[in-house]
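Full structure from sequences and hints, please.
Chain order of the listed sequences is A and B. Take the first sequence: its letters are residues 252 to 567, numbered as in our numbering. Take the second sequence: its letters are residues 2 to 166, numbered as in our numbering.
I should point out that these hints are in silico values taken from the structure, not numbers from a laboratory. Some clues are possibly wrong.
[What the hints assert, rightly or not] Simulated coverage check for chain A against chain B, where a stretch passes if three residues somewhere in it have a Cβ under 8 Å from a Cβ of chain B: (1) 256-267; (2) 270-284; (3) 454-468.
No residue lacks a Cβ here, since even glycine has one placed at the ideal position from N, Cα and C.
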Amino acid sequence: MDKLERAVREAYDSASMPIGLKEKTLTYLSKQNEPQRESPPSSLEARTLSEYQGQCEEAANDLLNQNHRAKESPRKLSKRHRKYPILALAACLILAVFGFGVFRAQVDETAFISVDINPSFELGLNRFNTVTSVNALNNDAQEVLENLPLVGMSFEDALTTLVSSESFKPYLAEDAFMDISVVCGDTKQAARLLTASQSYLSTLPCEGSSHISSRELRDEAHGKNMGVGKYQAALKLMEYDSTITFEDCHSLSMRELKDRIAQYEGSTGGGTEGGTSQSSSGTMQGQSQHQGQGMREDQEQHRGQHGSRGMSGVGE
Amino acid sequence: MRQDKDIEDAIDQYGDAVWRACLLYFRSDPEAEDAFQETFLKFALNNKPFNDDEHMKAWLIRVATNTCKDMLKATEKKNMSINDAPEALICSREDLQEQPGSSLYEIIDAMRELGDPPKTALYLALYEGYTAPEISEMLDTPVNTIYSWISRGKQQLREALSWTN
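Below, the structure is given as structure tokens:
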């Protein structure tokens, strides 16, 4: 337990439920159960009642407005000689919208693949898993990607091109570690990309992990000029050693970060991340080639005097 | 509605935990008391059984934080200014400094002043001792985001308390 944690615990240990609050609460709850209240409602009850009344009034007003609009808008009879130009215009509009939609589908990026080894870079993909952008996040990545025309390729072809490029091969040594993070709002697309990433990793001589991450985490990582995997590892390391900064982590490879984290967690080698990020659609997918005990030990360090607990199905 | 005995037992067992969660959001006792009572009203009206005591505690803390957030939003919507509120609702910093253990209140104040996120995740991690996966389930947020919030929250809290080393 560090100084901050100790100070917070001391502070909140001193904050107990005020004397008399239990009785006040039980009295309040018993009043809620009574069919009629003799005393005027408390500020809390007044707020609850007024909110409910407000919601009812709002719903009633909405209903009245709908009826009013229905009465006001007269039905216009379309004249015969206006029919065909209107149909033609509608057809043009539909085609324009459709064409624009197809164009947008081609260019809109719906997924981002963050790759961290020590080159850190990100591929933007459209909904057809075609690479639409390549973003180098550090100098090593810029050198690797300089002469690789990945834009326009399918995700799988882009990965194949990377593996076979001379500039990338040195980073795929056996003692290296590659982290692939998938950020995608579409669950099915995310699953396909995760599968493709895992297949890709299985062909490499180095160790690696792939997982789904959130857009929020990606934004935070980019704020630190890092890929998602490297950012997560940096956060983990900084939890153990508060003297380490993001700037320090920039110069470390994924392997070095993993090894240093493992030193604190007491396990050997890398690959401690279980990759349990959640996609924005709400499904949990944890996929990794290496799942060590480091995470569980980390959790145990933070339990302190509060002991173990079972957590399942928490919700209102 | 739950039995009176169950409600009373819950207040005895977890009243302090709920109260502390309310202090994360409200400085004044009346506001925190309102949130406290509202939380246990929701508990009383919720007939679903809990898996175990820890499940109940986690549920209560989560409901308390959500209740506090809803109350704060409602206050913002009504454009309540601090000058409009009765003096009794405002607990001034000077009052706090005269109270015993004011340095402890400084920490509670600093926690309250943090944004949310990361304040709730930070509190659950630092004080209640929940792990990031447990907090992830409570707050329905990806676990890696929770790690990020906890790390950011610690940094912000240190800065707020001027603990830069």
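Return the numbers of the hints above that this structure violates; sort them in rising order.
-> none
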